[in-house]
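Which chain is which? The protein sequence lines are A and B, in order.
According to numbering that gives the first Met the number 0, the stretch in the first sequence is residues 0 to 299, in order.
According to numbering that gives the first Met the number 0, the stretch in the second sequence is residues 0 to 138, in order.
Misleading hints may appear alongside valid ones.
Calculated cross-link-like contacts (lysine-lysine; reagent style BS3-like; alpha-carbon spacing at most 27 Å) [said to hold, decoys possible]: (1) K51(B) x K82(B); (2) K241(A) x K198(A); (3) K26(B) x K145(A); (4) K265(A) x K31(B); (5) K276(A) x K82(B); (6) K27(B) x K264(A); (7) K265(A) x K138(B).
Part of the chain A face toward chain B, derived, beta carbon under 10 Å [what the hints assert, rightly or not]: (8) N111; (9) V200; (10) P256.
What the hints contain is simulated information worked out from the structure, not anything from laboratory work.
Ideal placement from N, C-alpha and C gives every residue a C-beta, glycine not left out.
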Amino acid sequence: MGINSILKVASKVGFIMSFVLLASCSGDSGSDAVTNDSIPVVDSIPKITSANAFYSIPSPIQLGQMLQRAGAGYDKSVLNPTDNLTLYVSQKSKALNLGVYSADLSYSAVFNQSQEVMSFLTSSKKLAEELGIATSFSSLMMERMKKNAGNRDSLLYIISELFLSSNEALKENDQSQISVLVLAGGFVEGMYIGTQVAKTVKNNKAIYARIGEFRGSLNNLIMLVSTVNGSDAYDVLADLKKIKAVYDESAVVEERPVTAVDTTKKIMTIGGKSNYKLSDDQIEKITEIVATIRAKIIKP
Amino acid sequence: MKNILRILSIVLIFNTASFGQCNGFAKKSFSKLKPYLNTQQVFGTVLLNGDKTQVSSTFYFGDEYRLLISADDKLGKIQLNVKDANGLVVYSTKAYGSIMWDFNVESTQDLTLEVVTPEAAAGQTTDNSGCVAIIVGFK
Chain A
0 MGINSILKVA SKVGFIMSFV LLASCSGDSG SDAVTNDSIP VVDSIPKITS ANAFYSIPSP
60 IQLGQMLQRA GAGYDKSVLN PTDNLTLYVS QKSKALNLGV YSADLSYSAV FNQSQEVMSF
120 LTSSKKLAEE LGIATSFSSL MMERMKKNAG NRDSLLYIIS ELFLSSNEAL KENDQSQISV
180 LVLAGGFVEG MYIGTQVAKT VKNNKAIYAR IGEFRGSLNN LIMLVSTVNG SDAYDVLADL
240 KKIKAVYDES AVVEERPVTA VDTTKKIMTI GGKSNYKLSD DQIEKITEIV ATIRAKIIKP
Chain B
0 MKNILRILSI VLIFNTASFG QCNGFAKKSF SKLKPYLNTQ QVFGTVLLNG DKTQVSSTFY
60 FGDEYRLLIS ADDKLGKIQL NVKDANGLVV YSTKAYGSIM WDFNVESTQD LTLEVVTPEA
120 AAGQTTDNSG CVAIIVGFK
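Next comes chain A alone, as it looks inside the complex (with noise of 0.2 Å):
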C-alpha cells in the first residue's frame, strides 16, 4: 500500500472521527448519553463510508412555492400559533419549532401576508436565540425584514439568507444534529400545510400530486436524519418512517432520464418520466399520520 492509499484511508477514518467526535461533542445531555454513545460504533460505520455523501431537501420556501403553484391559497388557521412558544423547553422542541416557525414564516411570505410574516419572525428569532444563533437574527437582519416587508421577492431572498445563516451557524457551532431536526420540522410542517390546505381546496389533485413527489426527499430527510446519534433523532426517524412506509405501499415508476445540454450557455435539461402518484388511501393515511407527528411537535 502506498502512501497516498494510505493517506486516502487515513482521511476517511479521520472523517469517521471527526464525525463521531462532533456528534458526541454535541450531543444532548441526560440520561440517554450512554445509549448515544454505544450506537454509532456500529451504526455509523456504513453511513461514514459516505462521509462526504450528503442529502438534500427543499427548502420550506421552496415547499411553499410549490403549494401555490398547485392552486394551495394562504390558511392561517393550520399554521402554528405563536402563543405555543412557551412550550419550547428541551432543545429538541425548540429545535423541531423552530423549523415549523421557519415554514410557516416562508408560506406566509410566498403568499405576501407581511403581518404573519412579522408575527412568525419574532418567534423564530425567540427559539434561534434560546439555540445559541442569535447572530443570524441580527437587528439589521430585522431591520432589512421591516423595511421589505411588502416586497415579496426580497423577502423570500433575506428568509432564505436568514435560514441559510441559522444553519450554518448551527453547524459552525457544532450543533449538526439541532440543524438537522429544524430541517426536520420544517419539512414535516411543510407536508402538513399542504395536506392540510388540499382539504380545502376544490381541485386539489395537483396539490396530492406535489405531495406523492415529496416522497424522494422524505426519503432524503430520513437518510440526513439517520446520520444523527441520540434519542431524539431516533424519535424523529421512527416519525418520518411511518410516512414513509405509506408511500412505500406504492411504487414510483420512472423511466430513465434523457439529458438535453447546452454546453456553451451550460443549461441542462433532464428528460425522462416519472409517477409518484398516490391511492387515496395513501393520501388519508398520509394526511392523518403527518398530522399526529406535526401536533406531537408543535405541542410537546
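Let chain A serve as the given structure and place chain B on it in line with the hints.
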C-alpha cells in the same frame, strides 16, 4: 503500526479543523446564485485528489435550478456526474475549475450530483487536499 496511528492522528486534527474552513469556503460562492434562492443547505467537505463527494436530491418539475460547485485550486479541475435514481450516469461534464450550470427537469426526478476530483498529477508524491462546496439554488 505506530506510524499509521501517527498519520491517523494528524488526519483527524486536519479534518476536524477543515469542517469550519469548508463552510466559509462555500459562503464565498453565494453571490453567483442570484437570482436563484438558496435551498438553505450548503454541502462542503474536504477532498483529496482522486476522491468524490455527492448530493442526493429530488428535483421538482416546474422549478428551475442553479448548481454551483467550487473547489480549492490545489485539487485541480473537477468533474460533475449527474446520476439517476438507479445510480446510472445520465450526464458527465468536462473538467472545470468551478462549475455553474442551470438546469430543469421535465418530470420530478431523484438525482445524485457526484463531484469527482482529478487523480494526483504525474510526479506528485502525495495527494493534495482542499475544500469542495456544492450549492443548489432554485426559482
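Structure-based check of each hint:
| no. | hint | result |
| --- | --- | --- |
| 1 | K51(B) x K82(B) | holds (14 Å) |
| 2 | K241(A) x K198(A) | holds (21 Å) |
| 3 | K26(B) x K145(A) | holds (25 Å) |
| 4 | K265(A) x K31(B) | holds (14 Å) |
| 5 | K276(A) x K82(B) | holds (23 Å) |
| 6 | K27(B) x K264(A) | holds (23 Å) |
| 7 | K265(A) x K138(B) | holds (17 Å) |
| 8 | N111 | violated (16 Å) |
| 9 | V200 | violated (17 Å) |
| 10 | P256 | holds (5 Å) |
When the structure is compared with the earlier hints, violations turn up for hints 8, 9 and for no others.
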